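Asks: Taken in order, these protein sequences are the chains called B and X.
FYI, in this note's numbering the residues of the first sequence are 1 to 238.
FYI, in this note's numbering the residues of the second sequence are 1001 to 1294.
Hints listed in this document are in silico derivations from the structure and should not be mistaken for laboratory results.
One thing to keep in mind: the hints can contain errors.
To be verified - Selected chain B positions facing chain X (Cβ under 8 Å, derived; list incomplete): (1) M56; (2) I58; (3) N75; (4) E103; (5) L111; (6) G114; (7) G115.
Please read these numbers as outputs of a predicted model, since none were measured by experiment.
By construction, the Cβ of each residue, glycine as well, lies at the ideal position given by its N, Cα and C atoms.
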Amino acid sequence: MTDHATGKVFAVDDLKAWYGESQALHGMNFDLGEGELVTLIGRNGAGKTTTLRSIMGIVKNRTGSIRFNGEDLINKRTFQIARAGIAYCPEERDIFSALTVSENLSLPPVLRPGGISDKDLLAQFPNLERRKGSMGTKLSGGEQQMLAIARILRTGSRFLLLDEPSEGLAPVVVKEIGQQLLKLKALGYTILLVEQNLRFAKSVADRHVLVENGRVVDVMTTDALEADMARVKSYLGV
Amino acid sequence: MFDGISTQLLFSQLLIGLINGSFYAMLSMGLAIIFGLMNVVNFAHGAQYMLGAFVTWLLLDALGIPYWGALFIAPVVVAAFGLITERIVLKPLQDMDHLYSLLATYAVALIVEGLVRQQYGSTGLPYSTPIPGGINLGFMYLPWYRLWVVLFSLMVCVATWVLMEYTKLGAYLRAATEKPDIVESFGINVPRMITLTYAFGVGLAGLSGVLAAPVYQVSPSMGSTLMITIFAVVVIGGMGSIMGAVLTGYLLGIVEGLTKVFYPEAANMVIFVIMILALIFRPNGLFSGKERSL
Ligand SMILES: Nc1ncnc2c1ncn2[C@@H]1O[C@H](COP(=O)(O)OP(=O)(O)OP(=O)(O)O)[C@@H](O)[C@H]1O
Ligand SMILES: [Mg+2]
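The shape of chain X in the complex, shown without the other chains:
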């Protein structure tokens, strides 16, 4: 390999890149689904992801419900929160400029983050891994939980993609993304579909939060720091393209990891450099035009 760079370091950074990429992919996919149907950039996505992690922590701390229970309960709780947010905050704004909705989701993010911080403080809360141990592959040590995160998020992305591309519900969603009025004129309850889609996207953020709890510290700001990167991913992949969001998410996670190996000083900004290049050379996103646009 390269001089001075051990395979050990290379593979461990690759793994970290893949882990981060899993979160980028799942979060930007939810963002893309919501944006596709509602034309609203959901600035609350990071806070909803944080909420997923917090609910996971709370379930264990207050009710003694372990990770595997939280994996089902927390996303549902966060999705319900999304459903209420859509009904109370976004629905009344839907006939106005989408900028109002965007600002409203930002307000929701600040409120949620503020409340959690006030209640639990800013320091991170630890959450121990539900699958301790790992395997030594010779060239690297692979913790089981990390393998689980990569495989599970991949499964969620593939399942969501299949749902969108190959089911009737997905066809309704793709159609309503293009022309909601016409879909509604077929007798489909599009307003309800919008509410449920928002809740679904928010639930995905909550699910990412559950996965994240044992990997990162559970803290009120864990979402807002991640969101900046997620927006870059969505801009690079193409607003509203599911496939684009997922592929770009994994790709950028890996690029970021490799940059840490070969040029660590640039690791924190490589994604944003790519974003600027993408904006200049492929302003509609890397994957627009090639994929069906959702």
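For reference, chain B alone in the conformation it holds in the complex:
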């Protein structure tokens, strides 16, 4: 279901957010179409994570509008936003150390039909199957990342917020995560991906939202980004 007025499934309008007195987002605007994979790109401290945390209502001091399936989520609580159909995979992965791998995997409740079953998830992520009984944080970084993505797929939510899944991982693992994302995209998931790894971003995404100092400075398709790498690199400061 998309918003009839805009044809977009998700749209953020004039999103501002604060940590105490200090303002981190200064009016973010961007949107996603159904089934689209869009990245948020920007240098360290640009406000990418804050954007995802504001959407989820984890950063509570925020204004503007967050429309999803035609409903404004700005006044909703975190658990209500999740139940509206948005799933969040945090930058720190946030695997629970007091829970085993299989407990971690099956922790998120099934919120709506269409979630992937635990059995299928373990088949899709064979590393997790092998380490089912270990405590969550005993996994390698890459395995923890797989687990953090896998667990939110069981909820049935079709809109995923993924914060730098490639961060700090070996190239082969990054490649595997890229393949998983493409698989999800093929299944029709809508994905908002925070990414600093440009090669990775280009290999999976349709469009890119460039963020600087808590504002959107540009939105480019992957082709446009390819054609003007110098500009993108100046935003990223690389």
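Please build the complex by placing chain X with the ligands on the supplied structure of chain B, with the hints as guidance.
Replies: Below, chain X with the ligands alone, put in the same frame as chain B:
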């Protein structure tokens, strides 16, 4: 055995230690569950325990409801009191420094204790045992009710532990203890879970109060005197570790009892000596690291 120490004395003190340990275990377990999820040391725990004993006494005195009815009713009444306390007092403070919540629970303790004292006076009210009699084991006399207290509290501790470690609800609780935001981002109503967990911990205190009514005198200060020891137990066992709280509770009850046999002068302070040693040598608690931390 040791010269001058009769087996009679040894076993009767062991039993008293085990009884006290049962209360230490149940109370510090509730405290640990609440602290784990809310990061708040519930200073009202002693008052809520006292409330459990008082409700038990009142049920009999005013309504003629005997012990076995109170065993179900009183914990529910005290849990409901906890639920209202959380909603009215703790929820508005949750985004501030946890110190405010701690002070608020202390205020609740003083208010509850004050009200009960004003209404019923400071002297203890007797509550007769629901299971009179006992059995002579040869080396000691074992009153039935004391056996019941030990077995029942053990059952409550084991049941709570199983709930925490082996059920979905327990997994939610352990996870929310670590990262409440992330658990809520899965669509779980964490604010409600916090309210219910607080009520559950408070209900456990109320249940301990019911068990205590026939053992100790029912008096307004019965909770505040016990609480000092309970805090020591929780510090020794490790803040927020359920298993640690339970094991330390029983252990210290027994240590205290044995000290009464072998060196009675030290019996009142042995727990605090252990607390100081634990703070110096195992500042995170005896059981942290070994157990899953809840
Ligand atoms: N918990 C917090 N308290 C105060 N300020 C914060 C907090 N988290 C982030 N900030 C500030 O908000 C701004 C945006 O941070 P954010 O984490 O959103 O950046 P980011 O784009 O995700 O960066 P990175 O690429 O390093 O992850 C930064 O200036 C940061 O210092
Ligand atoms: Mg970030």
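Asks: Return the numbers of the hints above that this structure violates; sort them in rising order.
Replies: Of the numbered hints given earlier, those the structure breaks are 3, 6, 7, listed in rising order.
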